[in-house]
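Chemist: Residue-level listing of the chains:
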Amino acid sequence: MAENKKLSLIAFSGEFDKLTAVFTLATGAAAVGYEVNIFFTFWGLDAIKQKKGRSFVGGTFLTKIFGFMMGGLHATPTSRFNFFGFGPWIFRKLMKKNNVATLEELVDAAHALGVNLYACEMAMHVLGLEQKDFIHEVKDTLGVATFLELSEGGRTMFI
Amino acid sequence: MTHTLDITKEHCPMTFVKTKLKLAQIADGDILEVLLTEGEPLNNVPRSATEQGYKVLSVNHVDGQIHKVTIQK
Chain L
1 MAENKKLSLI
11 AFSGEFDKLT
21 AVFTLATGAA
31 AVGYEVNIFF
41 TFWGLDAIKQ
51 KKGRSFVGGT
61 FLTKIFGFMM
71 GGLHATPTSR
81 FNFFGFGPWI
91 FRKLMKKNNV
101 ATLEELVDAA
111 HALGVNLYAC
121 EMAMHVLGLE
131 QKDFIHEVKD
141 TLGVATFLEL
151 SEGGRTMFI
Chain H
1001 MTHTLDITKE
1011 HCPMTFVKTK
1021 LKLAQIADGD
1031 ILEVLLTEGE
1041 PLNNVPRSAT
1051 EQGYKVLSVN
1061 HVDGQIHKVT
1071 IQK
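Which chain is which? The protein sequence lines are L and H, in order.
Per my numbering, the first sequence runs over residues 1 to 159.
Per my numbering, the second sequence runs over residues 1001 to 1073.
Keep in mind the hints are simulated off the structure, nothing from the lab.
Computed from a predicted model, the values in this text were never measured in an experiment.
All residues carry an ideal CB built from backbone N, CA and C; glycine is no exception.
Just so you know, not all the hints are guaranteed correct.
Only some residues are given here: those of chain L computed to face chain H with a beta carbon under 10 Å [what the hints assert, rightly or not]: (1) N4; (2) D17; (3) G28; (4) G53; (5) P77; (6) L94; (7) K96; (8) N99; (9) V100; (10) L113.
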């Protein structure tokens, strides 16, 4: 592999369309030989929750309510045209119809390609989440310093 | 052994993803024939295969917009 073929993505958004962009870039880059790191923070953590629907994950009453309102990968809203939750359903249908990989297929591909997934320690504290609340493919929980170290020498994008 | 992969109905990034995963599955020395369409897949699948150390043996026009890329692992 050539030097600097490394892509690090900061997945801040928990929206269906932006997460689709994250996983499209991640899988495309991994498939052409890049080392790919995704650092999930704040709303982005929804994408890696083990419970993909709505559930009361979190340590306290407030964070449990937040956890329910945020939901997991299957509950992510679209940033536009959400139509009270129908937006993602419509987009998934359109993607299938046009033979474009759905968000779930992209996530599976990312796992198969060995994309490195990390969770933000600080956001986890705020939202009352622990590593056990995430899918087992999440390698570690990190802070900014470790993320900077991991992403050094490659390209970094914030989505 | 020769394997085939049809990615003519796929779109970015699954064109590269499926090729990469198939190449990972087959044995060293095996041949993979990839059927793909013109544009992004034809421009980039052979290039990225070469970059990753695989040997692109040939690129042949099949029919219409469809081409066949033969890669050796």
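Chemist: For every hint, state whether the structure bears it out.
Modeler: Consistency of the hints with the structure:
1. N4: violated (13 Å)
2. D17: violated (16 Å)
3. G28: For L/G28, the interface hint holds, since the closest Cβ of chain H sits about 3 Å away, which is under 10 Å.
4. G53: violated (26 Å)
5. P77: Violated - the Cβ of L/P77 stays beyond 10 Å from chain H, reaching only about 23 Å at its closest.
6. L94: Check failed: Cβ of L/L94 comes no nearer than 12 Å to chain H, outside 10 Å.
7. K96: violated (12 Å)
8. N99: The hint holds - L/N99 has a Cβ within 10 Å of chain H, the shortest such distance being about 5 Å.
9. V100: holds (5 Å)
10. L113: Since chain H brings a Cβ to about 7 Å from L/L113, closer than 10 Å, the hint holds.
Against the hints set out earlier in the document, violations occur for numbers 1, 2, 4, 5, 6 and 7.
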